[in-house]
Amino acid sequence: MSEIETFYDVMRRQGITRRSFMKYCSLTAAALGLSPSFVPKIAHAMENKPRTPVIWVHGLECTCCSESFIRSAHPLAKDVVLSMISLDYDDTLMAAAGHQAEAALQDTIEKYKGNYILAVEGNPPLNEDGMYCIVGGKPFVDQLKHAAEHAKAVISWGACASYGCVQAAKPNPTRATPVHKVITDKPIIKVPGCPPIAEVMTGVITYMLTFDRLPELDRQGRPAMFYSQRIHDKCYRRPHFDAGQFVEQWDDENARKGYCLYKMGCKGPTTYNACSTVRWNEGVSFPIQSGHGCIGCSEDGFWDQGSFYDRVTDLTQFGVEANADKVGMTAAGVVGAGVAAHAAISALKAAQRKSQKEEA
Amino acid sequence: MSERNLLVGPFNRVEGDLELRLEVDAGQVRAAYANSPLFRGFERMMIGKDPRDALTITPRICGICSISQSAAAAIALADAAGVRPTPEGEKVAALLHAVENLADHVTHFNLFFMPDFAKPGYAGRDWFDAAVARFTAGKGSSLRRAIDARAQLLHIVGLLGGKWPHTLAIQPGGVTRAPSARDLIRIGTSLRAFRRYLEEQLFGAPLEAFLSLGTGDQAANWTTGDAGFFMTIAADLDLQALGRGRGRYMSFGAYPMRDGPLFAPGLWRDGARHDIDHAAIAEDLSHAWMLGETAHPTRAETLPDAAMSGPAYSWCKAPRLAGETVEVGALARQILDGHPLALSLAEEGSVRARILGRLLEIARSQLVLEELLSSINPAGKFMDQVTIPHDGTGVGLVEAARGSLGHWLRIEDGKIASYQIIAPTTWNFSPRDSAGIPGPVEGSLVGAAVGDDEDTPLSVQHIVRSYDPCMVCTVH
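Quick mapping for you: the protein sequence lines, in order, are chains W and E. Start counting the first sequence at 1; every next residue gets the next number (this note's numbering). Start counting the second sequence at 1; every next residue gets the next number (this note's numbering).
Worth double-checking, as some hints may not be accurate.
Listed below are the simulated DSS-like cross-link pairs for lysine-lysine, each with C-alpha atoms no more than 25 Å apart in a straight line [unchecked claim]:
(1) K170(W) to K186(W)
(2) K186(W) to K234(W)
(3) K49(W) to K152(W)
(4) K381(E) to K263(W)
(5) K152(W) to K170(W)
(6) K170(W) to K113(W)
(7) K145(W) to K49(W)
(8) K415(E) to K263(W)
(9) K170(W) to K111(W)
(10) K415(E) to K257(W)
(11) K234(W) to K181(W)
(12) K381(E) to K170(W)
Only some residues are given here: those of chain E computed to face chain W with a beta carbon under 10 Å [unchecked claim]:
(13) E19
(14) R60
(15) A295
(16) R299
(17) E301
In case anyone wonders, no lab produced these hints; they're calculated from the structure. This structure is a prediction, so every number in the text was calculated from the model and none was measured. Using N, Cα and C, we set each Cβ at its ideal position, and we do this for glycine too.
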């Protein structure tokens, strides 16, 4: 591995200053929820460790994950991480085309056998021997298995790779299948969301590159640092939920006041993601802030749970009475999360009763 | 010179997957076959769902033009309900949509199209070193500046739409976010920053100067900015002769307003503008791996042929307007809106014309955005409650960055009974029809020069990318 550059070498080659580099280390520490004492550790690791090669492949997908990724907050994050990964193989952004591109993939696999991370955007369709997604004349599922064979670990980017996403919606015409059902012998990190938040994506990659290990995962295989709390837990409209103040109609007086969107079908109470804390497009906003409820795009099966505008109590995934403990357990490892979930569910029930009374 | 067949793919730096089969004879492409090798079946999974779910599911056809899909779905639902969004809602929807289209054009020019000129095949050209410094994939200086400018521009969508990609804000009755006066100021700041990028980097001069160009010849003398750099390369490589189309263009009209769309709709044929006969749109399935007959999208189905039997060679249906192919995209839109520069390029219809059409639209879109912003009244109503009918039909026709996008919807018993989509690249990258007429790109590729040592010919890449294909939308 000695011929591989360090992260810092890559950065220097990109013309990035020391000052900017240190700022990146601080921001990364903050994004990962680490104390400032970790900043020198991150810096040291990035200066001394050879960079980890990443191969990025695309199956059935819409490229929204890549789109999100190239828009992450600190310009350095995207420059560095992007340059590190696109150096090796990425369908959408790389320079080569055609046979050269296929050769580049093969070269990368050979050169970094057992040491590279395979990042998967999209998923393989399995119907008709995988013929619904052909890459280089072969089914994508073959490319995926081939690339995964010698990977150190696999990152499943987004809802497609993690769970199937909309193309797996009933009747799932192509039998779009999440990565972990095809690759069963490698550690897989799921980074769900449609797309995932850019800072979450760069955070996960940076963590793995810096500490040379997988981030702590929850029971569903998601990095606990970003997926241990519900949108609802940190939503800035939460006080209105607790106070029973709801938007009743689009653009009504309550909407202008920024009341809770629960009655408009918001899935924030059942969705684990960092949208309400990290936010989107460099921290500018997130869907609830734009006046539309959360659709729960980082949850398994979000695309087939009845209408997106139905109230959350209709979710089969989340029976209010029966599954309170299950919700607490999903957030395993986070002290007090179970308690918080219980509290929220009580409030939810209260809100439900209230609305039922109104309807009656 | 020998005859040979080339299989070009996977194609990089296009959105999604594309494979081309080329028959090469005497150093030229004799025939081209475009295959869209990715099928997901969105039209089938829409059936039986709550019609409103189209607002969430169809944008996920594509992570690059998701607002276009969202706008088309919202308009189709509004049409079914027999309503229009509120005027202020319409403006914000247009603002969101125009930002996405603008961002897409800038991405295409910098990340997808220009990096081809930094390839070793052009070593030795006068402009080669500059092309490498400015447009090497992943690290060129122009390209990095563009990525930054684009991220800043998309803050507007972040602010109004909550997130991008896959924004949820556009609804049949308007938009979910009523922008405050403070939001409008922030958007103004973002727009000014983007104008600065355009004037310092992309055009190297005031936008108004570029917009005053009236002919392709005048444009050829444009020297400043990355646009000027492209014109230098275009002249050297004779890109005005490369990848010519058939001179037929279509636009559904962009950014609907109460008094008509901001960019006018129409069909350009035989050197003149005509109205579009929407009833004459039909998708031909003769060369697509699809079962069924040629049909208008209100009657069509999507039944994939799992046997993938010949003579079909693509998952893409072949849309035709009155039996003819039409080219769609920024150039088409600007021709039909009647801008003099675009009109002078209509007959040329080349790689150069398509890129110039896109540059022209970039400059004009910035002005559109500035005007839209100044016209928004924060005290107005941004959304009406809309009741979706139990039974009905609706059509949503919009202009995505890459051209005309249509959603045709039928609701029965409160559920979606049929949902058909024709995307811009479906028009441009369609396979042959039952009369054997190749799709627009397939036609443009005929005659492209192929070196004996080339297996992924540069000329072919320029032509394909000049159309800015979005393959995930094509088949969906």
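Check the structure against each numbered hint from earlier and tell me which ones fail, lowest number first.
As far as the earlier hints go, 1, 2, 5, 6, 7, 9, 10, 11, 12, 15, 16 and 17 are violated by this structure, in ascending order.
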